[in-house]
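Those protein sequence lines, which keep their order, are chains F and C. Taking our numbering, I'd label the letters of the first sequence as residues 387 to 443. Taking our numbering, I'd label the letters of the second sequence as residues 2 to 399.
No lab work stands behind these hints: they were computed from the structure. Hints may be right or wrong, so weigh each one.
Unchecked claim - So the derived label-pair ranges between C-beta atoms look like this:
(1) Leu126/C / Arg427/F: 21 to 31 Å
(2) Met256/C / Ser393/F: 12 to 22 Å
(3) Ser393/F / Lys251/C: 38 to 48 Å
(4) Gln254/C / Arg417/F: 21 to 31 Å
(5) Arg427/F / Val121/C: 29 to 39 Å
(6) Ala175/C / Arg427/F: 38 to 48 Å
(7) Asp364/C / Ile426/F: 46 to 56 Å
(8) Met256/C / Asp391/F: 21 to 31 Å
(9) Asp131/C / Ser422/F: 30 to 40 Å
(10) Ser422/F / Gln389/C: 30 to 40 Å
Stated by the list, open to error - When the alpha-carbon atoms are kept at most 30 Å apart in a straight line, the in silico DSSO-like pairs for lysine-lysine are as follows:
(11) Lys411/F / Lys40/C
(12) Lys39/C / Lys394/F
(13) Lys413/F / Lys145/C
(14) Lys236/C / Lys394/F
(15) Lys407/F / Lys145/C
(16) Lys231/C / Lys394/F
(17) Lys63/C / Lys193/C
(18) Lys251/C / Lys95/C
(19) Lys411/F / Lys193/C
(20) Lys122/C / Lys424/F
(21) Lys411/F / Lys122/C
(22) Lys394/F / Lys203/C
(23) Lys203/C / Lys340/C
(24) Lys203/C / Lys413/F
(25) Lys270/C / Lys411/F
(26) Lys424/F / Lys231/C
(27) Lys243/C / Lys340/C
(28) Lys193/C / Lys407/F
(29) Lys270/C / Lys413/F
(30) Lys95/C / Lys203/C
(31) Lys270/C / Lys346/C
(32) Lys381/C / Lys392/C
(33) Lys413/F / Lys5/C
(34) Lys40/C / Lys424/F
(35) Lys413/F / Lys130/C
(36) Lys5/C / Lys270/C
(37) Lys346/C / Lys95/C
(38) Lys122/C / Lys413/F
Where is the CB? At the ideal position from N, CA and C, for every residue including glycine.
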Amino acid sequence: MITVDRSKCIYCGACVGVCPKLALKLKNDVRVECDSAKCIRCLACTKACPCAAISDQ
Amino acid sequence: MFSKTDYDVVIVGSGPCGSAAGMAAAKAGASVLILERKKDIGSPCRCGEGIGQHWVDEFEMKIADKCISSKINGAALYAPNNKTELVVKNKESKGYVLNRKVFDLWLAEQAGREGAEISVKSEVLDVTKDGGRVSGVVVERDGKQERITSKVLIAADGGESTIARMAGINSTAALYDTDFGLEYEMVNVPCKDLIEIYFTNKYAPRGYVWIFPKGKDTANVGVGIGGHCKPYAKKYLDAWIKEVGGERLKHAQPMAMKGGIIPVGAPMKDLVLDGFMVAGTAAHQVDPIHGGGISLAMDAGYIAGKVAGKCSKSGKCEKSALSEYERTWRQTREAKLLKRLLLRKVLEQLNDEDLNAIFQIIDTHGVENLLTGDYAPVAKDIIAKRPQFIKVLGALLK
Chain F
387 MITVDRSKCI YCGACVGVCP KLALKLKNDV RVECDSAKCI RCLACTKACP
437 CAAISDQ
Chain C
2 MFSKTDYDVV IVGSGPCGSA AGMAAAKAGA SVLILERKKD IGSPCRCGEG
52 IGQHWVDEFE MKIADKCISS KINGAALYAP NNKTELVVKN KESKGYVLNR
102 KVFDLWLAEQ AGREGAEISV KSEVLDVTKD GGRVSGVVVE RDGKQERITS
152 KVLIAADGGE STIARMAGIN STAALYDTDF GLEYEMVNVP CKDLIEIYFT
202 NKYAPRGYVW IFPKGKDTAN VGVGIGGHCK PYAKKYLDAW IKEVGGERLK
252 HAQPMAMKGG IIPVGAPMKD LVLDGFMVAG TAAHQVDPIH GGGISLAMDA
302 GYIAGKVAGK CSKSGKCEKS ALSEYERTWR QTREAKLLKR LLLRKVLEQL
352 NDEDLNAIFQ IIDTHGVENL LTGDYAPVAK DIIAKRPQFI KVLGALLK
C-alpha cells in the first residue's frame with residue numbers, strides 16, 4: 387500500500403502527475419490520498435517524489 | 002455566493018495560464034468561471050519564479066512593481082568543476098525573478114476585472130461528458146458537490162494535470178520526460194544581479210542547480226533532476242548546498258520549501274477535444290532546456306481563452322473549431338520547443354568531464370547561439386577541437 391509521510395511531503399503534486407491511474411489526489415491541497423482500489427503499485431510516485439515522502443508498505 | 006451553474010467557459014486552475022485564459026475569454030464576451038483548488042491563489046508557490054525580458058517585451062506587459070522580487074541582468078553558467086564561468090547577457094537571460102504569490106494574484110485580479118468569476122477552494126472531482134463531448138465538471142466546494150456545465154472546459158491545472166486525463170487525453174507524465182524539482186527560498190545568500198546555473202551530473206543528473214536572486218541576500222536555491230534518476234531531488238540539493246555552496250551558503254537559511262513536476266519532453270499531441278482544451282504546463286508547454294513555463298503558460302492560456310470565448314459565443318465548440326487554438330500555438334511556439342528538446346537530449350548524454358571540456362571551448366557567444374537555436378557553428382567549433390564529441394554533438398550539425 388502506498389503511504390505518504392506527512393513529515394516529509396510538501397504537497398507539490400509530483401506524485402499526482404505521474405500516477406497513470408489517477409489513484410492519487412492532492413486533496414484540498416493539504417493531503418495526498420491514494421485510492422488503493424485504483425493503485426496498481428507501479429511505484430512511479432515513489433520515484434517522482436522530490437522529498438522521498440512516499441513508500442510502498 | 003455562487004448560484005450560477007452554467008458557463009460558456011470553465012477554467013480549472015488560476016495560475017498564469019488559467020488567469021490569462023480567463024482574461025481572454027471574458028474579453029471575448031463569454032461568461033467565465035475559474036476554479037481554484039487552493040484557498041489562496043498563488044500560494045504555495047512551486048516555481049523558480051524567473052521570467053525572461055524577451056517575453057515581457059513580446060507581451061507588451063507592464064508587470065506591476067509589487068510582483069517583481071529582483072531585476073536580472075544576465076545568467077552565469079558554471080562548469081561541473083566550477084572552474085569556468087560563462088556570463089550571458091542577452092534578452093533571454095535578462096529579466097526578472099518574480100514574487101509568484103503576488104504575480105499570480107495580480108493576474109487573477111485582471112481576469113476578475115474583465116468579468117471572469119473566480120471560485121477558490123473549489124476542487125474538481127471529475128469531468129462530465131455528454132454524448133462524447135466534454136460538458137463540464139463536478140466540483141466540490143463549501144461542503145457540497147455540484148455539477149457545473151461548460152461549452153468549453155480549459156484544463157490549466159499545471160504539472161499534475163489530472164483534468165486532461167479525466168477528459169480522456171493521456172497526459173500522464175513519463176518519468177524520462179519529466180524533471181522533478183526541489184527548491185529552498187533562502188536568506189543569507191549573497192547575490193549579484195545574475196541568475197546562476199550550475200551544470201553538474203553529480204548533484205543534478207539530467208538537470209541543473211540554480212540560484213535565482215530574489216534580493217541582495219535572498220534567493221531561490223533549487224535543483225531539478227531527471228525523473229529516471231535516483232534517489233530524490235532533496236538529497237541532491239542538500240548535498241550541493243553543503244559540499245559546493247561551502248562558505249557562501251554557510252549561513253543560508255531556508256524560509257520556504259517548494260517542489261514540483263516539470264514536463265521537459267515534447268508538448269502534448271492533442272490539445273483539444275470536443276468542448277475541451279488543455280494549456281500551459283498541463284499541456285507540457287514548457288521549455289525542455291531550462292524548465293521555464295510561466296510565459297509559455299500565459300501565452301498558450303491567452304490563445305486558448307480567446308478561441309474558447311469566440312467559439313462559445315458562436316456555439317461551435319467541437320474539436321475542429323477549438324483546434325484554432327492548437328494550430329495557432331503550434332505555429333508560433335512549437336518549433337522552438339522541439340529544437341530545444343533536441344538540445345536537451347544531446348546535453349543529457351554528456352558527463353561532467355565532457356561538460357568541463359566543452360566549457361573550456363565555448364565562449365559567451367557560443368552560449369548565445371545555443372540559446373537562439375543556432376547549434377551548428379557551436380557544435381562545429383567543439384568537434385574541431387575535440388573530435389571525439391562528434392558522436393554526441395553530431396545531432397546538432399543538421
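Hint by hint, work out which the structure violates, then give me just those numbers in ascending order. Hints 3, 6, 10, 19, 24, 27, 28 and 36 contradicted; others consistent.
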